[in-house]
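Protein chains in written order, with the numbering used here: chain A, 1 to 358; chain B, 1 to 822.
Be careful, since some hints might not be right.
Unchecked claim - On the chain B side, residues computed to face chain A include the following (Cβ under 10 Å):
no.: 1; residue: Gly107
no.: 2; residue: Gly184
no.: 3; residue: Ala186
no.: 4; residue: Gln187
no.: 5; residue: Asp191
no.: 6; residue: His193
What the hints contain is simulated information worked out from the structure, not anything from laboratory work.
Note that the Cβ used here is the ideal one computed from N, Cα and C, for glycine as well.
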Amino acid sequence: MKDRRSISRRSALLLALSSSGALAKGFGGLADKAPGFTIPRPGTPLVFPKDHGPHPDFRTEWWYVTANLTGADGASYGVQWTLFRHALEPNATRAGWDDRNVWMCHAAATSASEHLFAQKFARGGIGQAGVEAAPFRAFIDDWVLDTRDDSTGAGIERLRVFAGDRDFAYALDLTATAPIVLQGEGGYSRKSETGQASYYFSQPFFKAEGSISLHGRKMQVSGRAWMDREWSSQPLGPDQKGWDWFALHLDGGAKLMLYRMRSVEAAPYLFGNWIDAGGATSPLTGEDIGLEPLETIRIADRDVPIRWRVQVKSRGLDITTQPLNPRSWMGTDPAYWEGPIRFHGSHMGEGYLEMTGY
Amino acid sequence: MKQTLWTLAALASHWRRRPGNLGMLLLGLAMATALWSGVQALNAQARNSYDAATAAISGGGARTLGSSRSGLFDQDLFVKLRRAGVNVSPVLEGLVRIGEKNVRIIGVEPLSLPRRSPIARLRSRADLIEDFFSGPGRGFASPETLRRFNLAEGAQPLTNRGQRLPPLAALAEAPPGAIVVDIGVAQHLLDRHEKLSRLIMADDETLDEARLKSIARDALRLVAANEESELDRLTDSFHLNLTAFGFLAFLVGLFIVHAAYGLAFEQRLPTLRTLRALGVAPMHLVAAMAWEIAVLTLAAGGAGVIGGYTLARALLPDVARSLESLYGAQISENLALDARWWFSGLAMAGAGAVLAAASGLLKTLRLPPLSVSRPIAWRAEHYRYLRRQAALAVLALVVAACAYGFGKGLASGFAVIGLTLLAAALFLPVGLAGALALGEHVARGPLARWFFADGRQEISGLSLALMALLIALAANIGVGGMVEGFRQTFGRWLDARLVAEIYFEAATPADAQDVETWARKQPEISAILPVFRAKTRIGGWPVDVFGMTSHETYTAHFPLLDAEPNVWTALHDQDAVLVSEQLARRLGLGVGTMIDVPTSHEEWRARVVGVFPDYGNPKGQLRIDHEKLKRYFDDASGIHYSLRAAPEATPRVIEDMQQRFDGKIARIVDQSELKALSTEVFERTFAVTTALNTLTLIVSGVALFASLLTLSGMRRARIAPVWALGATRSQLAGLEMIRVLVFAAGAAVLATPLGLFMTWCLVAIVNVAAFGWRLPFHVFPAQWLVVLLIALGAAFFAALVPLVRLARSAPTELLRVFSNER
């Protein structure tokens, strides 16, 4: 169900560690099976708080937060924070530098006129980066996503997220207003007809509050945030070249996740999930979804669609999305487009759009 | 322009007629340039290698953090800084032994290395970088390093401690002489778990002292980007030494050029006069001659620079090995020089040529068109010349005295030496003229009186060559005396320092304990002396701290320059240290003064109870009580030991230990082997000095030869009248030979006190400033005799060719002198 994420984060690391010339090898490696790594099995119940922590027997996983924010000045802002673990070999979690996990984090802060981003890499095992399940703590250098001091439970209901670089910084308190959402079949998320899968859950019901600072100008902000957790060892198809992914907060409280996987040879593969305001989920199939680029711009020598028509026929949804900042380009290793969007039409609201492989 | 061209053509015809003269000029200029630029090439190569070593890891110009106490610091500090948002990358460096060779291991963390770092650029190659820190890892070494250590790509050599290196891969960017491995691999290979040597800061990292203190308290210190590397500082004196010798050789070479150009000027005087008489303006003459010099510079300078390159290539292995054994510096033996070096060599040749030709050019400018030779006027001219020389000599001496009185350090030491040599050289013709005047005064018989009078006339022509000879001889005596004195002192010092019969290094402290337990039970082993060591830094200078137990080996033999009466009791029972001479001089310490020693915990205040010589060590050294070392330095290596054993039992004990503790003992040597090793280091240190010294002497011999050749042409005019008056040709040739030999002997005699003074300057000023130790002053009369013989030999062979020509010249040639007198 969430294969676009797998590709996104995993290939992000591979791309980060590789030039475009080595990309083929990277994907080639992923097309292999994952010997020595655990494969997700249906019917395995997720256990909390344990599953908030890392899963060293899987090859790859990530902790991902996006937030749509409004400043005290009335302007819109967005932030992204993603920590990614990639095991270079099975049983990668060891003491000291013998650890074979590589951690990577991308952070960005976006306004209508600015899109500032940074990335960090670190090795596991020495305490520079890592994740602990309870109390929940994810960190790389001074960037953190962790449990607030005023939190009482062992879950992820009350978190704080921080990232900062030379030009930007943000610190937000995240407070969940509904329980976490298990994706797919109780957290087992099928990713293709050929049986590839991952474990996957989300917390799309965060209230966010805090501050964001762009070029030293600090602003109080508040809004909504979305957290994704996914882990897998699954290989990918060799012909996938990129994807377009939407995470939408609908006015009224429902959430909508949609993606389109673009393939070199086959027709694009569409999938989605409708989460009502109470947290109940309904999978959406490809026939039900319409994703149509309306306008592209030239950015970093690539043509990137920034305005979309999005349809979910069974729900009567027909909207047009508009980026807060069309130039939300992540010039990281690898580079991709990711930024806050607003939409109008049959439904109103805001969300995040990620587009890779352009 | 056309006139200049024709003038040039007329002048250049001289070289066609006198190819020997041209050859000498080119040879002199080429030799001077070669020696100078060769030395510069060696220096540049070494400095490039130091820079490459730093830059290969950090990308160059990066600020770093190092321990403010002893050598290594805890990895936790790195994590703490990163967690505080400080962008730093860890490095661990150290040596491992593979077979008989020390190999530098540099551990890096590729993900956090600054982007500019050549190693970090590997991040763009996924296959390489993933292999680097997964699986068995990867060891990157430059192709040259692989060759030098005889290692193949993909090989996994075993260290003497029994650890396997990761598979090696060739990588041009790797620093010379080192194997770059992952930080974790390095910690394992070097047995330094969770320890780091330094942290490289990212270019845009703004960490300041206050912030650093708030995170790491005072455990780390900021090292500025432009702060010289330790290697640069340690090797500075070595390179200054080379430069001084290169310059000396260059100057001696210029004497040849001067002599050769002087000859050309003499021989072209008629041509010059004719050209002037034909209406060529002096400026045009000078312009033509300047063109000529430019062409000569290009030809000879170019050849010289190529010669310098060849010379540097020949000396490089020796230089590389002495820098390696002295300072642990790895010099790439692939001589690579940039365009700047080639141009500076040519510029130096040009400057030298102009300097050597200056007097000729000036004379040309002043040349009256209708002048005839004025032989009688030479006497007045000669006295003026001698007075000027004497005045300049006195001036040089006064400046030398000022440099000695007010100057400090190496530069002043070399200035005193240089100025004194110059003063002596300037004084040489004055002294010889005086001696000849005296000889003329007491001589009986016309031929004898002519001999002396004629000698005086010839002094000004020969004086430059004699000066060159004097300088070369004095340098030879001076440097030879210093080296020989050092050799003797060093030998005696080694004997006192290396008293124990067996020295070994265990693989790990635990192995050391095993060996120790075994050794206690051996009747042949009379004492087990642990020599544990730690590193610290005092006044910004790296210092090794050695532990000493209370034993006769030390109390009866350990050489001390100065000490309290009960030095050994004090050392073990009180807060007391022995300091090396270098450290004492650098920090202004003496017996009875206090020193604050940074330890693993806090500073330890101790009294200096003795100063010991520590020749050849670029670092400072402290000797403290063994128990205190263990207490104050957590990372003290517990693996070095000396053993006392009956000398006849030594080979058996060593063999026994090797068999019993194979793998647990990393190195074991007996006394004689260690002495041989140390002496080898010593010999290498001075191999280059000796080579340059010999080359300088050869150049001065050539200078003398060139000068005599110059004079022989002019001599005929002077000898012909004497021959006409009845002296035979062979008689005259004999007299000529005697005169040359007397001149050379005079130079050698003057060179002796001058050389002794130079030795004194070297041991008392230069060595103290450069290395921090002072040698006793030794005198070696046998060397002087050798130098005298060399001088006479050089003069003899130099005089032989012109004299044989004179003795064989047909009477008609001598008669012709009268027909076309200038």
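Hints versus structure:
Interface hint status for Gly107/B: upheld, as the beta-carbon distance to the closest one in chain A is roughly 9 Å, under 10 Å. Interface hint status for Gly184/B: upheld, as the beta-carbon distance to the closest one in chain A is roughly 2 Å, under 10 Å. Because the beta carbon of Ala186/B sits about 9 Å from the nearest beta carbon in chain A, less than 10 Å, this interface hint is met. Hint status for Gln187/B relative to chain A: holds, with the closest Cβ pair at about 7 Å, below 10 Å.
Because the closest C-beta pair between Asp191/B and chain A is about 14 Å apart, greater than 10 Å, the hint is violated. The criterion of a C-beta within 10 Å of any C-beta in chain A is met by His193/B, whose closest approach is roughly 8 Å, and the hint holds.
In summary, the structure is inconsistent with hint 5 from the numbered list given earlier, while agreeing with all the others.
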